[in-house]
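Student: What follows is each chain in one-letter form.
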Amino acid sequence: MRYLHLVVTTLTGLLLIVGSLGMPATGDPDSPPSSHVSPRYIEQGYKETAVPNMVTFVLADYRSFDTLGEVTVIFTGAMAVLLILRGARSEAEE
Amino acid sequence: MSSNQSALPVIIVLTPLLISFVLPVLGWWRRAAVFPTALAALAVSFGASLAAAHRVSTHGPIRYYMGGWEPPWGIELHIDGLSALMLLLIGFVTVMVGVYSKRSVLREIPSREVPFYSVYLLLVGGLAGLVSTADMFNLYVFLEIVSLTSYALVSIGGGPAVVSAFRYVILGTVGAAFYLLSVAYLYSVTGTLNMADLATILPALYDSNAVLVGFAFFVIGMSIKMALFPMHAWLPGAYSNAPSAVSALIAGTTTKVAAYVLIRVMFFVFEPSFSIEQIPVTALLAWMGAIAMVLGSVMAIAQTNLKRMLAYSSVAQIGYIVLGVGLANTAGFTGSVLHLVNHAVMKGGLFLVAGAIVYQTGTRDIRQFARLSVTMPWTAAAFTTFAFAMIGIPPTGGFFSKLYLILGAIDAGQWVFVFVIVLSSVLALTYLMNVIRYMYFATPASPAPPADLRKPEPGQPLPASMLVPMLVTAVGIVLLGLFNGEIVARFIDPVIPASLVR
Amino acid sequence: MADLADLIGQFNNVTYVVLMMIGFYAMTGKRNLVKKLVGMNIFQWSIILFVVSLSAKRDATIPIVLEGDGGGALPALEAAQYVNPLPQVLMLTAIVVGVAITGVALALLLRIYKRYGTLEEDQLLERIRLTG
Amino acid sequence: MKPGERDIIIRTVCRLLVPFVQLFGLYVIMHGHSSPGGGFQGGVIIASSFILLAMGDGYDEVKRRFSLGALTATTSAGVLLYAGLGVVCLMLGANYLDYAALPVSAARSVGMLLIEIAVGITVTAAIISIFHDLVTFE
Chain H
1 MRYLHLVVTT
11 LTGLLLIVGS
21 LGMPATGDPD
31 SPPSSHVSPR
41 YIEQGYKETA
51 VPNMVTFVLA
61 DYRSFDTLGE
71 VTVIFTGAMA
81 VLLILRGARS
91 EAEE
Chain E
1001 MSSNQSALPV
1011 IIVLTPLLIS
1021 FVLPVLGWWR
1031 RAAVFPTALA
1041 ALAVSFGASL
1051 AAAHRVSTHG
1061 PIRYYMGGWE
1071 PPWGIELHID
1081 GLSALMLLLI
1091 GFVTVMVGVY
1101 SKRSVLREIP
1111 SREVPFYSVY
1121 LLLVGGLAGL
1131 VSTADMFNLY
1141 VFLEIVSLTS
1151 YALVSIGGGP
1161 AVVSAFRYVI
1171 LGTVGAAFYL
1181 LSVAYLYSVT
1191 GTLNMADLAT
1201 ILPALYDSNA
1211 VLVGFAFFVI
1221 GMSIKMALFP
1231 MHAWLPGAYS
1241 NAPSAVSALI
1251 AGTTTKVAAY
1261 VLIRVMFFVF
1271 EPSFSIEQIP
1281 VTALLAWMGA
1291 IAMVLGSVMA
1301 IAQTNLKRML
1311 AYSSVAQIGY
1321 IVLGVGLANT
1331 AGFTGSVLHL
1341 VNHAVMKGGL
1351 FLVAGAIVYQ
1361 TGTRDIRQFA
1371 RLSVTMPWTA
1381 AAFTTFAFAM
1391 IGIPPTGGFF
1401 SKLYLILGAI
1411 DAGQWVFVFV
1421 IVLSSVLALT
1431 YLMNVIRYMY
1441 FATPASPAPP
1451 ADLRKPEPGQ
1461 PLPASMLVPM
1471 LVTAVGIVLL
1481 GLFNGEIVAR
1491 FIDPVIPASL
1501 VR
Chain R
2001 MADLADLIGQ
2011 FNNVTYVVLM
2021 MIGFYAMTGK
2031 RNLVKKLVGM
2041 NIFQWSIILF
2051 VVSLSAKRDA
2061 TIPIVLEGDG
2071 GGALPALEAA
2081 QYVNPLPQVL
2091 MLTAIVVGVA
2101 ITGVALALLL
2111 RIYKRYGTLE
2121 EDQLLERIRL
2131 TG
Chain Z
3001 MKPGERDIII
3011 RTVCRLLVPF
3021 VQLFGLYVIM
3031 HGHSSPGGGF
3041 QGGVIIASSF
3051 ILLAMGDGYD
3061 EVKRRFSLGA
3071 LTATTSAGVL
3081 LYAGLGVVCL
3091 MLGANYLDYA
3101 ALPVSAARSV
3111 GMLLIEIAVG
3121 ITVTAAIISI
3131 FHDLVTFE
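Protein chains in written order, with this note's numbering: chain H, 1 to 94; chain E, 1001 to 1502; chain R, 2001 to 2132; chain Z, 3001 to 3138.
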């Protein structure tokens, strides 16, 4: 039992390495991530949005709902910490 | 643009989120307005879910392109029968728990009403977004909103709840991170994140190592999130130490939504044949579900703390859902989805009952429940209804979902699973009847007052805001049983993947 | 030996898996809750590193249009010129998620320390058993 | 030096650095359109300037300069601006968050700028709020 976590860690790592053998090599311009969805962002995005920074226009326009989720997450973080800590001193804890 | 576009998904998801953003300001200005506003937001979201469900059952799936960008470049919201059913479930459970939480939770944390309801609404918005999105990464974002709010809500239970919450944080993050890893692996060989687009590209890549490993990590991650048997370590502590309303909420929504994601990706993003033939995940899942059903029930029998017993019973019930997924045939799929809904309602209801008992008597110990049928007759009656549903006595919902599961097991020719379903039901009968026996037939043995929890004022009846949600939920589980044919025909049958039909 | 060549072509994956294993080992093996949290962070960030590395493209530059800022006709852009912006966008979101989770976990640790006076798991379990 | 008393060099350096850090944060937010940067990055930089100030002067000193209610309200204001912009698009007849419907020239660009600012506001306020809660809990 003591070394169970070591075994689990090693197995996970090996599994991930084996999985990555099926992937295209790093930096391959013809790999699926570089050739399926993203070319539209690079080729059309500047025309469609008039913003030169591709990360910005994908973040704030094409996938803006993700970014709304992102802002909601950080808001959730603030509210959660507030719920956990603020006022906890006076109640519940003795 | 496709035919059935509608802004309903936006209303369902955005109303709770928007109101939760407003609440801190509102609470600063007028504290009394917080609870009604939160409840109104929940009601609006539930109403929109009803409208969406009606529209889905008459016009087919609703699609909505966020920002007007068509998929796969933009994010699409897609509500089909399965999502609509989940939205209805989430709406129902969150409205009921919302009404209930006013008295039960706020007695424990009176000064933290504003952040509590803000976090509550964020959880609801996250759940609604999670079941309606059709984008793998967007799903991850909503999964994390749901997880973060669950961690925070569990931690307010007082006592060792913070430790349970921390354990939940660690394991939940592993689950979510595995999900993210699997999305990344799939992305690295397909280049897309949209579910429909993935479903068209993936079949050509089923032999790829990256797809196989990505799928494996997806299944492990979701198993942690929904506390499937060997990965259930976070669940008993989190359920039993959280405030009862929060236990009801998490039992009714958070773990069920993880099961929904499992079903969605296994059967709709991948083809069923992939997980049945390519790698025998379904067979493995069926066996893990069966083990969970037996061991969870056995552990539940050993408990004397009511909430801990219900938590272990949840481990067993998750086993039913996973078993149905693992059977991978039409009846198994139907039974799994139906049991997901039924279990969310009945376990949510049972935690509401547990909360009411703790609220009135201050004890969670089953052996101290003597004469509850006299002092709290309605609560005892509600408990009995839910218990019957858990055991699977008609006409409650639990009977029909178990029937579908048994039919699925027979279809698959797996008689051992039929035996396990019956065995687990008998074990459920044992531990639930034990509680009912104490409630109705035992005489108070030791008048020793419970020392572990705050003593309530004696002689006060249970507040109506706690009693009514409990009774409505109890009626709901009976209605789920009576109208199960309607639910199956309207929401589940139209979405059953064609390659699953036998 | 094709596998080895593959592996060298994917040095990024080896790097992230090693980092991930360090984080995972700390999360499951360490008995101190803060160390678990540190492990969790290493674990999350290794995944972020991996996904960002997916956006790499040989002979391409950062995804910001450099020419044609002065107005007038928009330049014709080719996908091969710029790296893939999508993974970077996704990981920006994942980073925010990681920050929020770390904040919540730290808040929980503060509460645990306040109540039980320790962050060592063994002592913690002992004290929970004694005091509830 | 007594405990609780802070070194004058550290205090001065922190105070001197803070305006520059904040200015840089604003630059990162506003210039996200054409250079690496954006709302989240800039917001974190601005929030870190407060933490720097707290390290120099002690948190009590910093706490005196803003009210807790205003901090929470600011956190909400950012997300509300973001979600509200989407609702405005919805009311103008377009899909949610479809900025092309906004009645200004270069509508998408303007919409994105507003969103970056909204993200910046929320991230700044949320990180300060988390920092406040972690530091003042005892």
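No lab work stands behind these hints: they were computed from the structure.
C-beta atoms are modelled at their ideal positions from N, C-alpha and C, and glycine is treated no differently.
It is possible that some hints are incorrect.
To be verified - Covered, in the sense of this in silico footprint (three residues per stretch, anywhere, with C-beta under 8 Å from a C-beta of chain R), are these stretches of chain Z:
1. 3048 to 3058
2. 3125 to 3136
To be verified - With a Cα cut of at most 20 Å, we get these calculated EDC-like pairs of lysine to aspartate or glutamate:
3. K47/H - E1277/E
4. K3063/Z - E3138/Z
5. K2030/R - E2120/R
6. K2114/R - E2126/R
7. K2035/R - D2122/R
8. K2114/R - E1108/E
9. K47/H - E2120/R
10. K3063/Z - E3005/Z
11. K2030/R - D2122/R
12. K2114/R - D2059/R
13. K2114/R - E3061/Z
14. K2030/R - E2121/R
Said to hold, decoys possible - Some chain H residues flagged as far from chain Z (calculated, every beta-carbon gap over 12 Å):
15. V8
16. T10
17. G13
18. L15
19. I17
20. H36
21. T49
22. T67
23. F75
24. A78
25. M79
26. V81
27. I84
28. L85
29. R86
Student: Of the numbered hints stated previously, which ones are contradicted by the structure, given in increasing order?
Tutor: 1, 3, 9, 12, 13, 21, 22, 23, 24, 25, 26, 27, 28, 29
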